[in-house]
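Enquirer: These are the residues of each chain, in order.
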Amino acid sequence: MAIDRKTVEKVAKLARLQLTPEELDRYGGQLGAILDYIAKLEKLDVSGLEPLAQAVDTHNVFRADEPRPCLSRDAALQNAPEKAGDFFIVPKIIE
Amino acid sequence: MTDAVSIRQDILSKKTTATRVAERFLSRLAAIDPKVRAFLSVNKDAALAAAKKVDEKIARGEKTGLLAGIPVAVKDNLCTTDAPTTCGSKILENYRAPYDATVVRRLREEDAVIVGKTNLDEFAMGSSTENSAFFTSRNPWNLQCVPGGSSGGSAAAVAAGMAPIALGSDTGGSIRQPAALTGTVGFKPTYGRVSRYGLVAYGSSLDQVGPFGRSVRDAALVTQAISGHDPMDSTSVDQPVPDFQQLERDVKGLRLGVPKEYFGAGLDPEIRASVESAIAALTAKGAVRVDVSLPMTEFGIAAYYIVAPCEASSNLARYDGAHYGHRSKEYGDVIEMMSKSRKEGFGPEVTRRIILGTFALSSGYYEAYYNRALKVRRRIKQDFDKAFESCDVIVGPTSPTPAFPVGAKAGDPLSMYLCDVYTVATNLAGLPGISIPCGLTSAGLPIGLQLQGRVLDDLGVLKAARCFERELSLSLPWPSLT
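Order-wise, the sequence lines are chains A and B.
Under the numbering used here, residues 1 to 95 are what the first sequence spells out, in order.
Under the numbering used here, residues 96 to 577 are what the second sequence spells out, in order.
It is worth saying that the hints were derived from the structure and are not from the lab.
None of the values given here were measured: they were computed from a predicted structure.
Honestly, I wouldn't trust all of these hints.
[What the hints assert, rightly or not] Okay, derived cross-link-like pairs now, DSS-like style, lysine-lysine, Cα gap no bigger than 27 Å in a straight line: (1) 158/B with 110/B; (2) 424/B with 13/A; (3) 92/A with 438/B; (4) 355/B with 40/A; (5) 40/A with 481/B.
[Stated by the list, open to error] Taking beta-carbon pairs under 7 Å as the criterion, some of the chain B residues facing chain A (in silico): (6) 453; (7) 466; (8) 472; (9) 505; (10) 534.
Built from N, CA and C at the ideal position, the CB exists for glycine as well.
Produce the complete structure using the sequences and hints provided.
Expert: Laid out in structure tokens, this is it:
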């Protein structure tokens with residue numbers, strides 16, 4: 001089951017990946033092959049089973065809401081592709 | 096070349112110095128790595144400076160750490176402030192982490208000597224290092240073959256004697272499979288036993304950091320140094336860390352669970368024979384063979400390739416070209432900036448998994464794929480719970496095949512995914528798992544034997560692995576590097 005170009009295009013847009021038409025078709029074909037394999041899960045009766053998102057018991061971890069030392073502004077900005085003063089620079093978002 | 100435990104003893108007893116040890120490994124690295132290509136970066140000056148500090152501590156009579164003077168290679172998805180952290184990706188090619196991963200901090204606190212950062216499949220997605228954006232590492236046993244992956248650089252570095260120990264990460268087999276393919280010991284501790292803080296996230300409910308070594312003892316030593324609760328990782332387990340160096344136990348009474356599903360179609364006959372004979376050797380010494388069943392084995396890969404890509408698609412959303420990492424040269428609006436930066440920065444396998452995960456989580460498909468996979472994950476865990484009612488550890492092959500030639504599986508993503516058929520369920524269930532060398536094929540390639548244990552029974556797994564190591568008294572030669 002190849003996944004059609006329109007579906008892959010929608011998914012690529014959601015994932016913020018700018019793909020060419022050839023890439024959409026290639027990934028669509030590969031996605032289809034992988035989903036065909038994954039379809040074997042449909043053979044299993046999973047009724048009455050709770051989904052398992054974390055295998056080892058986890059619990060909420062709380063701490064006091066107090067300021068603590070953290071990454072400095074300079075350290076946080078050190079890898080920014082573009083910055084000005086204390087800010088990351090990106091194209092204008094609001095007209 | 097010697098193992099980490101002996102190196103430490105020799106340094107502490109002043110038979111040698113940390114500096115001499117570092118120089119010896121760095122010079123071997125310089126001679127061999129052009130062939131093996133295990134390292135993405137080597138930091139000679141930092142390594143020698145760290146070694147010098149250890150020597151000064153010893154000269155002053157100060158207490159030294161567990162890993163005093165031991166050279167360590169670190170997988171390049173673990174953050175280090177004094178070296179790049181690329182994750183084998185163009186998108187992080189020039190990234191410099193502003194903090195050390197907790198495991199890296201612990202290595203430093205224990206006086207280890209970090210020699211460099213090792214190659215990996217991009218963002219730890221793959222089983223061969225062929226998905227690295229930079230180059231493919233080679234298997235020291237046969238340079239035409241892959242070392243396995245994703246922690247292939249760390250495995251190759253240890254196998255070739257360029258570092259006695261290394262750190263890797265394991266999301267679906269990424270420590271154990273390359274360990275098997277390179278004749279090294281690779282241990283994935285229980286999920287949460289080791290902090291993930293500063294491990295670049297791939298599948299957060301599956302990822303775990305662990306060691307490579309040339310003996311179970313060395314793997315246990317590193318595990319001791321890196322384990323324990325970390326307030327910076329809320330999923331790290333808040334439990335006391337056992338003494339992992341008390342490894343010797345009687346083989347008598349050790350119950351070995353042998354799942355028939357691990358010995359079915361697709362398993363290389365030489366691997367089957369080698370693992371079977373190792374089990375027989377232990378039962379001859381008093382271990383008890385228990386036939387168990389893990390009926391979900393054949394569904395592990397399918398469940399994993401929903402769960403892991405879903406988590407990856409969310410985790411990798413952070414690479415947006417705005418805060419760090421690659422930004423495209425030309426773009427109009429902010430959406431285009433992100434979409435072009437991501438497209439240019441991610442390689443094909445990462446792109447494929449982001450698409451797969453985004454698809455499986457998208458409206459209309461969530462129930463059918465993601466939620467169903469999580470229910471199957473519950474079944475997989477129940478399988479293990481049942482098996483562990485009658486055995487102490489589960490024994491089988493680590494990988495269905497020995498190392499394969501570079502390029503052999505490159506065109507077919509699914510065939511690469513099937514490399515992990517015996518290892519993914521360990522992560523889905525959060526269990527500790529280890530691969531130890533078990534022999535060589537007729538072509539001279541290493542065979543790995545895998546042991547899996549109960550959640551938090553890391554010590555039990557290491558002890559059982561030590562039993563195999565002791566009873567098999569396997570002494571692999573050094574790889575020929577041809």
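Enquirer: Evaluate each hint against the coordinates.
Expert: Now for the hints, and whether the structure bears them out:
The hinted pair formed by residue 158/B and residue 110/B meets the criterion: a straight-line CA distance of about 17 Å does not exceed 27 Å. With a C-alpha separation of about 20 Å, the suggested pair residue 424/B and residue 13/A falls inside the 27 Å cut-off, and the hint holds. Our distance criterion of 27 Å between C-alpha atoms is met by residue 92/A and residue 438/B, whose separation comes to about 21 Å. This hinted pair checks out: residue 355/B and residue 40/A have alpha carbons roughly 20 Å apart, not beyond 27 Å.
Note on residue 40/A and residue 481/B: the hinted pairing holds, with a Cα-Cα distance of about 23 Å set against a maximum of 27 Å. The restraint placing residue 453/B at the interface with chain A holds, with a minimum CB-CB distance near 4 Å, inside the 7 Å limit. At a threshold of 7 Å, the smallest CB-CB gap from residue 466/B to chain A is about 6 Å, leaving the interface hint in force. Below 7 Å, beta-carbon pairs count as interface contacts, and residue 472/B has one with chain A at about 4 Å; its hint therefore holds.
Annotation: interface hint on residue 505/B violated; nearest CB of chain A at approximately 13 Å, more than 7 Å. Annotation: interface hint on residue 534/B violated; nearest CB of chain A at approximately 31 Å, more than 7 Å.
The structure shown violates the earlier hints numbered 9, 10.
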